[in-house]
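Colleague: Take these sequences, add in the hints, and give me the full structure.
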Amino acid sequence: MSPETITSYAASALSGPLLLVLAAFACLLLPLFVKALRGTQGLIALGALVVALLFLRRAPSLELNLFHGALLLTPLSAYLWAFAMGALALVVLLSLSRPAAPEDSQGEYYFLLFMATIGFMALVAAGDLFTAFIALELLSLPVYALAGIRRSKPGLEASYKYFMLGAFGSGLTVMGIAILNALYPELSFAALKGASAPALAQAGFLLVISGFAFKTALVPFHMWVPDAYEGAPTQVSAFMAAAVKAGGVVVLWRLFSLFEGGPVLEVFWWLAAITAVTANLMALGQTSLKRLLAYSSVAHAGYIAVAFFGGARGFGAVLYYLPVYAMATIGAFAVALALEKDEKGPKLDDLAGLSKTRPWLAAAMAAFMFSLAGVPPLAGFFAKFYAFAGAVNSGYTGLVVIAIIMSAVSMYYYLKVTVVMYMKPAPADQHPEPLGLTGLVIFLMALGVILAGVLSRPLLTLAIEASRWF
Amino acid sequence: MMEFLSNPLSALILLPAAAALALLAVPERNGALLKNLALLASVLVFAVSVRLYLGFDPSLAAMQFQLDRPWLPAYGIHYYLGIDGISLLMILLTTLLTPIAILASFNYIKEAQRAYYICLLFLEASMIGVFAALDLFAFYLFWEGMLIPMYFLIGVWGGPRRIYAALKFFIYTMAGSVLMLVAILWLVSARHAIDGVWTFSIPALYGTPLEHQAQFWLFAAFALAFAVKVPLFPFHTWLPDAHVEAPTAGSVLLAGVLLKMGVYGYLRLAVPLFPQGAAEFAPWLAVLGVTGIIYGSLVAWTQRDMKKLVAYSSVAHLGIVILGVMAFEPAAVAGAVLQMVNHGLSTGALFLLVGVLYERRHTRMIEDYGGLAKSMPMFSVVLMIVMLSSIGLPGLNGFVGEALILFGSFKVYPWLAGAAVAGVILSAVYMLGMYQAAVFGPLRHTENKILPDLSVREWLYLAPLLLFIVLIGVRPNPLLKLAMPAVNNYITMSQRQTAPVLPGISLSVGRGEEK
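As given, the protein sequences belong to chains A and B, one line each in that order. Going letter by letter, the first sequence gives residues 1 to 470 in the numbering used here. Going letter by letter, the second sequence gives residues 1001 to 1515 in the numbering used here.
No wet-lab data here; the hints were simulated from the structure. Worth double-checking, as some hints may not be accurate.
Said to hold, decoys possible - List of simulated lysine to any residue pairs, SDA-like, C-alpha gap at most 25 Å:
no.	chain 1	residue 1	chain 2	residue 2
1	A	356	B	1022
2	B	1168	A	344
3	B	1168	A	141
4	A	424	B	1111
5	B	1110	A	108
6	A	424	B	1029
7	A	344	A	34
8	A	356	B	1202
9	A	424	B	1171
10	A	356	B	1163
11	B	1110	A	353
12	B	1035	A	285
13	B	1110	A	141
14	A	356	B	1021
15	A	356	B	1030
16	A	424	B	1385
17	A	341	A	152
18	A	416	B	1238
Modeller: And the structure:
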């Protein structure tokens, strides 16, 4: 490729994030100065995203090294950036249909949401640990604030818990990076890959891994998840489950793939197994929909960690898993949003008789639940299948057996949602609000989980292509 | 795109699915149109399956009507279909029972009719898919995909304890099947380690040289999934609940087709893929089968609920079938295949007849009836024929199958076959006991005096079953001839003792050290 085309590729690839930064500041500042624009922040945000999504191009097969290796533009980063912008667009649609932030905080809300997405984009493209850490903070800090943007009691509690534990996780990461930097002059992933790892380095890696395990919500670093998901505005919970988790997953994979064996992989093995077991058992007793989805999100982090053991093939599966999981979970949170009467979201019993009162909503929710549970022919089954196929192929049959048995256990709580919707009578007084744009999101996500499985070839091809560039 | 419809197997899967989607467009309040469209679609599917039957060459042992298209090439997964005699019989059974089940639901289902018929049609598509798939992934997809419509059929339109029954059905079957998925993945990886090819094709995976220990565990994982579905004693506890709570059509399809999938799984997958593992497990599975015969019959004897009685009789009948399948003897296996069809017809008919009574009196307790011979003479005659077929009276279909199984398995497991005979006798005891209590004697309850006899619609769906019950009883040969090449294949494959070419491929359950 000639230098001109490379430059133009870099320019077009970076134009996406730059546009998002501009839009973020536009949302924050413009309405302050132009009175007529007050209340239109959501539309500005959506417009910018639509433009960014329209200009998405299939990335050429090359690695573009920017800022001395701090950012690596590859088909992998392109794939994940597209994923992030898609998820963000859905969250913006949800926020347009039902505002997550109070009237006077609309600007901040979109600003923070966009900044977090920029953080995600930098995180997945990071070429070294320092950049990854800074990007992680850029991703996390806005989300702490977003969780409490309503300044209500559950929101503040969610925000506070999330912040305290998140800060603790960041502390661990910094500590680990410091140790590693003492041993290795260069902290780029490429340089670390070949380096020998003495005991101290392994300790450093484990600290970094625990920091990112907080973001991904692997057990035992998941304590913040149920409260944060429940207390945060539902739109923000959807963003956390879809995007924040994915960012952690990608960095964890980079760290995982540095090792061929040894204690670090041993730790991963246990993290995956404990996460799958604990999260699913804890989810069984939940009565609040948002808490149920929170534990389900922890459980899925466990399945993703199992997929790591499939090597490069497994990472392709992970990259397929992330959007499929995101579709089901954003869809489910959107249903929660449509039904919520207070901030903590609907109880499971609030869904009683939904199949009678709102049959399409119930059908979509059932599709999300069956997809999360991994029942064919929905996309979630294919995602789990690819995830586990790699791990079995590398000889981790024992781990897969644990994960798959727990996934059979998870069937119970996902089915519980369908039982309430389809087999319990509806309460007498029902005044369904119109769905608006939330309905559009639910419809798109339902279509996605129904079709992305049986017709998974295009998405899977993209994911496998991207997975070669980690 | 056209090839997916011009291949009759693929058409059989896609037609009911397309019809189900088409029903979405019909408004819920237009109940009559919904019913008739669903019936029409299922009759059309039956017509296609008749064409399949006419085009099938019974002299060939190979898979017929094959269609093989890449689906997910990254994983070597194909949309690969094909049938032999056994799958053909099962598909015919499915396509025959579905319109009957739909017709039997016309008056019974009054709520959420659209969703109901959509579930039935999706169920039909996935049942046919299970019998037509020659790709392990596709097989698993249909196998599990069938759970969703059945779950809703039981849970939404079922009896008072429907939620419990539906959850139990779903979770039992799912939990039984997930280890099979791991086994499938392991098998495919092992195959890849041997010759570097990713394939899920069932015929290609036959004869994968595997160590004895690996065969043992893989067979165990497959056998568990199928044992839950059959259901083999002691994995049968979901069945009575599911049967009793399901609406009539659900019970008919559950007993008629779904249970056969488990047996079919042994015939198509578990045994031919892992013959050495099968050899080790076969006697134990046969013991479980015979235990099921005796246990099922004894429990059926004590039931006062007719539907429960029929449900437990299914456990007993499927026990005999498993005894035949595990004998690896031509007569026994052929008998088992025939008996699968017979059980589908006679038990399907029994559930329909119980449904006929239930729709009139809203009770299934035997003591609430008595003297039906006076008020419903035609019904009593039909019930008599069906019951005798279920008992295995010579001249009706049940006899041929049971006799073949018992003769065949007697050579292999003399003691077990002897015990199985006792079970057959027991079946006469409980069936005749129920018949006597319900049909003969005085009309004790005044409500029973005015019960109307079979209506035209009921005749319509019972007549085909009666026809086949008698026809197979008199002339079982055409069916046996269809199945025989497949049966012989099965026996040849079950006796295959492959030497592992790569002894290094052993089962690693640890942390990835081996392989």
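Colleague: Are the hints correct? Go through all of them and say.
Modeller: A quick look at each hint next to the structure:
1. A/356 x B/1022: holds, 21 Å
2. B/1168 x A/344: This hinted pair is violated, its Cα atoms lying about 31 Å apart.
3. B/1168 x A/141: Since the Cα atoms of residue 1168 of chain B and residue 141 of chain A sit roughly 45 Å apart, the hinted pair is violated (cutoff 25 Å).
4. A/424 x B/1111: Holds. Residue 424 of chain A to residue 1111 of chain B sits at ~14 Å (cutoff 25 Å).
5. B/1110 x A/108: At roughly 53 Å apart (the allowed maximum being 25 Å), residue 108 of chain A and residue 1110 of chain B break the hint.
6. A/424 x B/1029: holds, 22 Å
7. A/344 x A/34: The hint is violated at about 35 Å.
8. A/356 x B/1202: violated, 43 Å
9. A/424 x B/1171: Answer holds: residue 424 of chain A to residue 1171 of chain B is near 19 Å, not above 25 Å.
10. A/356 x B/1163: Cα-Cα ~17 Å, so holds.
11. B/1110 x A/353: Holds, at about 17 Å.
12. B/1035 x A/285: Not OK: residue 1035 of chain B and residue 285 of chain A at ~40 Å, beyond 25 Å, violated.
13. B/1110 x A/141: Violated, at about 55 Å.
14. A/356 x B/1021: Measuring from Cα to Cα gives roughly 20 Å; hence the hint holds.
15. A/356 x B/1030: Within the cut-off at roughly 17 Å; holds.
16. A/424 x B/1385: violated, 40 Å
17. A/341 x A/152: holds, 15 Å
18. A/416 x B/1238: Holds, because 18 Å separates the two Cα atoms, which is no more than 25 Å.
Of the hints listed earlier, those the structure fails to meet are numbers 2, 3, 5, 7, 8, 12, 13, 16, in rising order.
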